[in-house]
Amino acid sequence: MPLVERQGVSLHVQLLGSGPPLAMLHGLLVGSMATWWFGAAPKLASAHRVLLSDLRGHGLSSFAPSGYDLDSLSEDLGALLPLAGDGPATLVGHSWGALVALTFALAHPERVARLVLVEAPLPPSRLAELDAFLAAPADAQLASLPQTLRATVEGTSRRGKKALAQLARLIGETTLVADLRAQPDFDDARVAQLACPVLLVYGDRSSCLKAGERLARTLPRAELVTLAGGHFLPAESGPALAALLEERLCPR
Amino acid sequence: MSQNQPDAVDESAVLARLAQLLREVIGEEWAQDVEIGRGTSFNEDLELESIEFVALAEKLQLEFGARVDFAGWLANQELEQIIRLRVGEVVDFICRCLSSSDKA
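Each protein sequence line maps, in turn, to chains A and B. Quick note: the first sequence uses our numbering, first residue 1, plus one each step. Quick note: the second sequence uses our numbering, first residue 1, plus one each step.
Chain A extracted, bound-state conformation:
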């Protein structure tokens, strides 16, 4: 299993395809690189060197007690990005992963060719879907997820228990929720200076859609596309999202 050691944390990475570098980032808690691996990643790999990674504490990366704030995760990304090759990269992120991509682009604009932000929540500390998830009792958390996503984490024996144990550990034994709550909002004046093209993709039923509209107004080169679905768009509208990304990112 390809692992990259960073500050005592093993980060799980996968590389697919060949071409200019492209990195994909998943969301917190129920996310892993499988978010992209099952959908858009193999398609984008036809024209890119695609770097998939599991955020610290998620998927097959090792447990990490802290460092879930956007600056720390952006530094993790910066350490991994050279694996996909030299030159400015396309960054694709879902939810918190989209905010990691945006944070990285603001800190290192010269290293980013283009951004795709799927369901980036703003302000970062408020996400209605996450609030509902965290408010539910532990054994009811999975049931609060949309059906298509639930199908991949629920199970009568092994899978459900494993998913709940991982969630309990991330919520109970790490600074993840505190990091998220403490995350300051982005400064629109700074966001407005980002010169690269940005594709914003939001679900038409998502509580985050207003964040997409705000980014579309603020970013100088943004396009907002809505797809049918809610916040967990890669699960809820996977084929449509993969087709959109392939159409926009893979020249024919």
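By construction, these hints were calculated from the structure, which means they are not laboratory data. Think of the CB as a built atom: it goes at the ideal place given N, C-alpha and C, for glycine as much as any other residue. Check each hint, because a few of them may be wrong.
Covered, in the sense of this in silico footprint (three residues per stretch, anywhere, with C-beta under 8 Å from a C-beta of chain A), are these stretches of chain B [unchecked claim]:
(1) 15–25
(2) 49–56
(3) 89–100
Cβ-to-Cβ under 10 Å is the rule here; a few derived chain B residues that face chain A [claimed, not checked]:
(4) 28
(5) 30
(6) 31
(7) 43
(8) 46
The hints should help you fit chain B onto chain A, whose structure is shown.
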């Protein structure tokens, strides 16, 4: 597959190897003893997690090389199909990849 090919793909060997890789991916005690056959369901019987599919694909590539592109094969299937997936279908897929690359 022609009979005069000594290296023709051995389906039962592929099944045995896939079963072993699945036991490694699951990594739990019960998985060591569970019978894994062509009819075993990834979803209902093994309850494979999505990230465990990724881990299995890694192991398949290490074992068989880039010619077995499990990720690419799954990418062309609907989620419902993947949820219904049985071990035998993956065995057949691997055998197809191996036999077509033998001919190449």
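Between the segment 49–56 of chain B and chain A, see if three or more residues pass the 8 Å beta-carbon test, and mark the coverage as holds or violated. Holds: 6 residues of the segment 49–56 of chain B have a Cβ under 8 Å from chain A.
Under 10 Å, Cβ to Cβ, is where residue 46 of chain B needs to be relative to chain A, so tell me if that hint holds or is violated. Holds. Min distance 8 Å.
Interface hint status, residue 30 of chain B versus chain A (Cβ within 10 Å): The hint holds - residue 30 of chain B has a Cβ within 10 Å of chain A, the shortest such distance being about 8 Å.
Taking the least C-beta to C-beta distance, is residue 31 of chain B closer than 10 Å to chain A? holds, 9 Å
Is the interface hint for residue 43 of chain B satisfied, with its Cβ closer than 10 Å to some Cβ of chain A? holds, 8 Å
At a Cβ distance under 8 Å, does chain A reach at least three residues of the segment 89–100 of chain B? Coverage by chain A is violated here, the residue count being 0 at a Cβ distance below 8 Å.
Cut-off 10 Å, beta-carbon criterion: hint that residue 28 of chain B touches chain A: holds, 7 Å
With a cut-off of 8 Å between beta carbons, are at least three residues of the segment 15–25 of chain B near chain A? violated (count 0)
Of the numbered hints listed earlier, those contradicted by the structure are 1 and 3.
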